[in-house]
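Protein chains in written order, with this note's numbering: chain A, 1 to 280; chain B, 1001 to 1734; chain C, 2001 to 2435.
Since the hints were derived computationally from the structure, they do not count as laboratory data.
Heads up, the beta-carbon is just placed ideally off N, CA and C, and yes, glycines get one too.
Among these hints, one or two may not hold up.
Stated by the list, open to error - Simulated DEER-style distance windows between Cβ atoms: (1) Gly-1015(B) to Leu-2410(C): 38 to 44 Å; (2) Lys-221(A) to Ser-1050(B): 33 to 39 Å; (3) Ile-2315(C) to Pro-12(A): 25 to 31 Å; (4) Asn-1548(B) to Ala-224(A): 42 to 48 Å.
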Amino acid sequence: MKQTQIHNEQPPRRYGMAIDVDKCTGCGSCMVACFSENNVPFKQDETDKLLSITWMRVYQLTNGKTFPHTEVAYLPRPCQHCAGQHEGHSPCVSVCPATATDYSADTGIVSQIYTRCFGCRYCMGACPYHARYFNWWDPVWPDGMEKYLSPNVSPRMRGVVEKCSFCFHRYQMARDKAYTEGGRKVQEAEYQTACAQACPAGAIVFGDLNDPSHAVNQIVKPDAHNHYKSGNPRAFRLLERLGTNTKVYYLSSREWVRRSGDNYRADEQPGMPGAAAQHG
Amino acid sequence: MKLSRRCFLSFSIGGAVGTALSPLPWKLTDDLSIWSQNWPWTPVPPDGESTYVDSTCMLCPGHCGIRVRKIDQRAVKIEGQENTVLNPGGGVCLLGLSGLQLLYSPTRVKGPLRKIKDDKGLPKWESISWSLAIEEVAKQLMDLRAQGRSHTVASLVGQEDGTVPQLLKRLIKAYGSPHFYHMPSVEDTQGAVLSLSQGIDGFVGLDVENADYILSFGSALLDGFGSPLRMMRAINRLKEQKGTLVQIEPRLSNTAAKADLWLAAKPGTEADLALGMAHVLINQRRFNEDFIYNHTEGFELFAVMVRNSYTPEAVAVTTGIDAATITQTALAFAAAKRPLAIFGHGKGQAPGSMREAAAVNALNALVGNINRPGGLHAMPAYDYIDWPAPFLDGIAYAGFNAKRVDGSGTPSVHRFFEAVDAAPEKLQLLMIAEANPSYSLTGCGKIKQAIKKIPFVVSFSSFMDETAMQADLILPNHLYLERWEDIPMRAGAVRQTVGLCRPVVAPQQNTQHLGDTVIQIAKALKGTVAQSFPWDNYYACLKQTMGNQWQDMNAKGAWEKEPAVVSPEPGFKTESGKLVMMNEPLKKILGAIVPAPEGDEKKFPLQLVAYDSIRLSSGYIGNPPFMNKVLPDTVLKGNEGFVELNPETAGKLGLAEGQSAILTTPHGQVKVRVHLNHGIMPGLLAMARGLGHTAYDGYLSGKGVNTNELIGPVEDPASGLDAAWGIQAILAKA
Amino acid sequence: MDSALIPEGVKRCALWKFLLGLAVVGGVLVWGIIAMLLCWIKGLNQTNMNDYYGFALWIWADLAVIALGGGAFFSGLLKYVFGKDDLKNIINYAVLIGFICYSSALLILAIDVGQPLRSWFIFWHANVHSMLTEVAFCLSCYFAVLTIEYIPLILENRQIDKVPFFHNLGHNMHSTMAIFAATGAFLSFFHQGSLGGVAGVLFGRPFAYRESILNTIWPYTFFLFTWSAAAYGPSFTLFITWLTEKITRKKLVKNNTIYLLAKISGWMILTYIIAKSADTLYWVYQTAPAKGFNWDFFFQNNALYGKWILFVEIIVCGFVPGLLLVFKSSRENSFLRVAATFLGIIGVSLNRWVMVLQTMAAPVMPFDTWQLYIPSWQEVATTILPVAYGVILIMISYRYLPIFPQERELNPVEGADPDHAHAAAPHIGHEATVA
Ligand SMILES: Nc1nc2c(c(=O)[nH]1)N[C@H]1C(S)=C(S)[C@@H](COP(=O)(O)OP(=O)(O)OC[C@H]3O[C@@H](n4cnc5c(=O)[nH]c(N)nc54)[C@H](O)[C@@H]3O)O[C@H]1N2
Ligand SMILES: Nc1nc2c(c(=O)[nH]1)N[C@H]1C(S)=C(S)[C@@H](COP(=O)(O)OP(=O)(O)OC[C@H]3O[C@@H](n4cnc5c(=O)[nH]c(N)nc54)[C@H](O)[C@@H]3O)O[C@H]1N2
Ligand code: SF4
Ligand code: SF4
Ligand code: SF4
Ligand code: SF4
Ligand code: SF4
Ligand SMILES: [Mo]
């Protein structure tokens, strides 16, 4: 993996999200915000969800009970920007043979370089969150619609993998601006992802998990000495037990929702997962 | 020279080795990969100067403030404005985000079109110039006027507020017809009840931001009701501040899922439930005595009615909600500081039952939360458009005062089309703006049939929607991102606010502002009609109308009327100055027999309801591709739509998840697939509203089923508007 | 007509029969090529793969043929490094089968990637942490070794051998073969292992994930894959040899060689399956539970994946063939031996299937569901393509090259001149002196 330099003057940033499942209404605006921000293509038929590129995907969870005790909740799933058990050992980054996806030690963002990716799809097999999508087709915009494409994000060609980038181009723009203004820090409000910005319910909070002045840090209260486990009892991460060490935290006051975030053996008590597995 | 085998072999091998060692294959390999990174058929968006333009979203009644990012002349992204009076919380919904897919859609009408017949006598579209198009409409209108049949002209708009619909309304009046209609919505019913109980001609404001207990009678607060973003934020604030949301509806909608209490009352019994709760409040004297005794009239009559007929026990039988729950909920509602009961099913696209609206209104009155923080507000109608009355010549006067084809009483679009269908000669010309009745009205099959009978139909649609397809002439309006327009906020707003829609990009097609089109038609009609339109163009009209407000509005993107000084008196405009709890008309409404859903229960043992989803745009705007992309595969799979039902019901019918089935209602039969959902009342079928388009392109057309083709209107005995909540149906294995 | 090309002293079928056979298999080949071109020109939308099934049928085939081609490196190792000289009589064929398997594997990979024109980025932008990088490097290198091992065989063609340059080249290559065989064995060890590592390192996929020995980068599957290729590869060589004998209706390799290889394969299988069982038990009791899974979650008896898989893989296709080949009586019973090799082939293929497809099918997020996939015809055709190609290469090689050194001895052709035959004998003798 490419070694990315840590910024000299500042501590490394660790961009992440806190998504309040209890606030999320399942409206799907985050998904569409992402499509329109990131030039995500679409087809006439998008009903086969295994072939539908959705960097952000909102899953429906249910408590499995019968009428009228049924409950549902919605869980938006961007790329989790996994850090792994040692920084940069993301499930996907560690396996990409061509270094087409990389972990930035400077931001914690897992990147994807479309023009380098040669489409082996190993990273997709590695990602337990199904956050990676393959361009099975050439992207085609109906005549005239290519006009709305943003120049900040390259449209992808057929045969490569793409995924949520935490709107990295927005970071680049904010960083460049901060740099020209005397190399100051990128402000919390200057770099927000399209999904967080759009969410009508205010369910997504985005920022630097390492910066105590950022709301996401205050909500998550990550423990840097314990794989950034959250100190908030409402918080959980998806499949935390796999040791993926993700940067997307979910919040819920409902026990069944929190339990839906990970796998538990039949004999396990709720809320007492085993230690995250070690691996090389 | 004879080439020996040995020589040949050496030569070939030598050649191969030589080529491999030369730079050629390496260069080729590299070039090929570079080519694969620059495929000419993968678009490369041109870069340019990045700017932002603020405007107002017009894709739903929410009218959020939007910021559009542009690269040179291209709009590339729609975002929510952060600090605007239109949507103070920021954000933008998925429909608003998809606006550019509408702007740049290839199915937009490219310019004025006239329907002609081709060699084989089949209809086809012909492009014409704008002057010819205006001439053509004017000629048709003048001919009818000359024949003294100006009253056989009608116009239908999406909604009536704002200068553009008002210009059209003015045209119809000055021309000489009483037939000006808008698409029905819950606001019609809310307004009617407001007028009856408070004597106010206006709209209902819902102070959801300050309520601490919300009792929602099936309103899709989190799925697009009213002003969708405002509702979403208000509900989240409610939850954060430990307020209570009670959702009454038979299906676990997203709102019900977020509610603290979900009461799955049998559909159509919501009014009974409200009156049952009123019974509890009155019986246990938990109503607001100060308000009731000082500010209402007819309370005793009302109390007698609910005491006699709506005991919790009786209501429990009707609604399926047990008496204890009814009682507890009613008491909790009354115990709240700022309780608010909300009427209007789903997104509120159908007017709904007057009886239910009146019952919900009574609940709000009982807790006295009317025109107070967190309560129901009577909002006076917008009055900033103060044009002088149009000039009416003799024809106009006679025509305007002619009897409407749908009879007297509230103008009803459904009744109008029924009348046209029955007596087509009564309507010669229809002009339709920002509405798609052939798709979005219940019983749209019949509507389509009626429109077919109208000799001349003019559409102002920018899209080739179902109704535009039926038109004889299309004079396409600019899209909201290409035009100026004032947008008065209703949709439950508690402060009069007029948003400004401003052009973000130059018109992408040969379209024309509807305001200009109307002014040009008026001028072409000459005489008093032309005199009634003194403006050079629409922009001048808008500026003049907004007057002193224009500058401010242009700067801020919206104009917000100063809130009225809060007086201790609720300020009812009834004769007595009091809120009417009960009088003759209300007694009739509350005592009316509930219109039963259409269909014979024996033949159609199940009930079908249409539900609203924020992921489906079901009105004039067709679902853009991005929104179809986020539809769950349990709503649409391939081109097949789903009907939801409880696994218990499915078991009885022998249906399994995903299986194909035939759904039949008195209005038609369709093939569907079934989705089993524990969150829906047994015996009920539910289908998402907003699919089944037949117009547009392959991204929308032919996908799923239009519920309006399966569910017909049911006339409310009081308002005459559509009060259908569903229909009897039968589902069988395919 | 082509008799001048056919090795001396052996009998081959009539040319028309040969060509007819070629045409039939060629038809299948063309079908596969059409599918391959569709995948290249129109893209991978021609397959039924999807975002849950990024690896599917042909990746399984890829892994399976590499495992089955393991006979080449392992017999090479045994012969050249451990001096099992008897194996010289089957080594040519093992090399040929290996060559076919590995070239097929590379072809499949070239079809599988979304951007084949950029596939060299795997070397240029190599990520040394990736098992796939290791696979790519070792696979390519080992394929080069196999080619080097195969070339002398081609040079032994009667006509080519007549050219002194090629004669000498072949001779010299033979004498260095031990070095290549050893290199090949070393490379194979790594790429067979790294193929196992491909699945084993997926710590996001609890079904495939395996801990690593002493916290190295290599998970247990790394070693299990190498071991199983060494165990089952020779079984495949034996089975194909048997099949070739049946089709040609000739005995081609003497029994002592067959028994030796069968015995070695048997012991390898038996020891492998014991290790595999231990690995499975560790996974059942340690790995899966630590990630929150009961092992039987992954064997839910849905349409494709049930507990039967474990039984078939470990008992029926593991212990049974292992024991059958270990015991002399069953090993030397032709029916039982062939049955055992066949079961072995099924077993290792099933193992690769499970490690690829079951890994993809099983949900990991609790709110996800099992996904079962059915390949498209293009995938099936492209997967069969290498089989057709292999058959054709075997047909041609068998007809024109002296693959089986014992063929003449075992099938004397009437009227042939034994002295002449001796003079033209293949250069097996040279190898023997080196070893
Ligand atoms: N989503 C997304 N991901 C991408 C890309 C994209 O467009 N979108 N682009 C890809 C491409 S092309 C690239 S090149 C990479 C870039 O990715 P990175 O290589 O991670 O680039 P930077 O973020 O610029 O990080 C460079 C670091 O070097 C530090 N630095 C600057 N000057 C010096 C110096 O003199 N000495 C030292 N020691 N450090 C210094 C900077 O402070 C900064 O922390 O990102 C790739 N990833
Ligand atoms: N402000 C700022 N400047 C930078 C950097 C930064 O971080 N910030 N990073 C520097 C670095 S490291 C790099 S590598 C460069 C990158 O700079 P550029 O090479 O300019 O990279 P991009 O802006 O990502 O992409 C260039 C254009 O290629 C288009 N494009 C995408 N895919 C294709 C394709 O398949 N074919 C063709 N023909 N065009 C395509 C994109 O739409 C975009 O318009 O920028 C450098 N300059
Ligand atoms: S936009 Fe917000 S509320 Fe809507 S689905 Fe996404 S996270 Fe949930
Ligand atoms: S969520 Fe998936 S794609 Fe994203 S970093 Fe983790 S493993 Fe990689
Ligand atoms: S598909 Fe692309 S990003 Fe993923 S592993 Fe392969 S080369 Fe890397
Ligand atoms: S962070 Fe950006 S790229 Fe990721 S899901 Fe949100 S909008 Fe999409
Ligand atoms: S809620 Fe309505 S007005 Fe607001 S962005 Fe969405 S569609 Fe536009
Ligand atoms: Mo770069």
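Taking the hints in turn, this is what the structure says about them:
1. Under the hint 38 to 44 Å, the C-beta atoms of Gly-1015(B) and Leu-2410(C), about 41 Å apart, fit the expected range.
2. For the hinted restraint 33 to 39 Å between Lys-221(A) and Ser-1050(B), the CB-CB distance of approximately 37 Å keeps it satisfied.
3. Separation of Ile-2315(C) from Pro-12(A) is about 52 Å and departs from the stated range, judged on CB atoms against 25 to 31 Å.
4. A hinted range of 42 to 48 Å for the beta carbons of Asn-1548(B) and Ala-224(A) is inconsistent with their spacing of about 58 Å.
In the structure shown, a violation is registered for the earlier hints numbered 3, 4, in ascending order.
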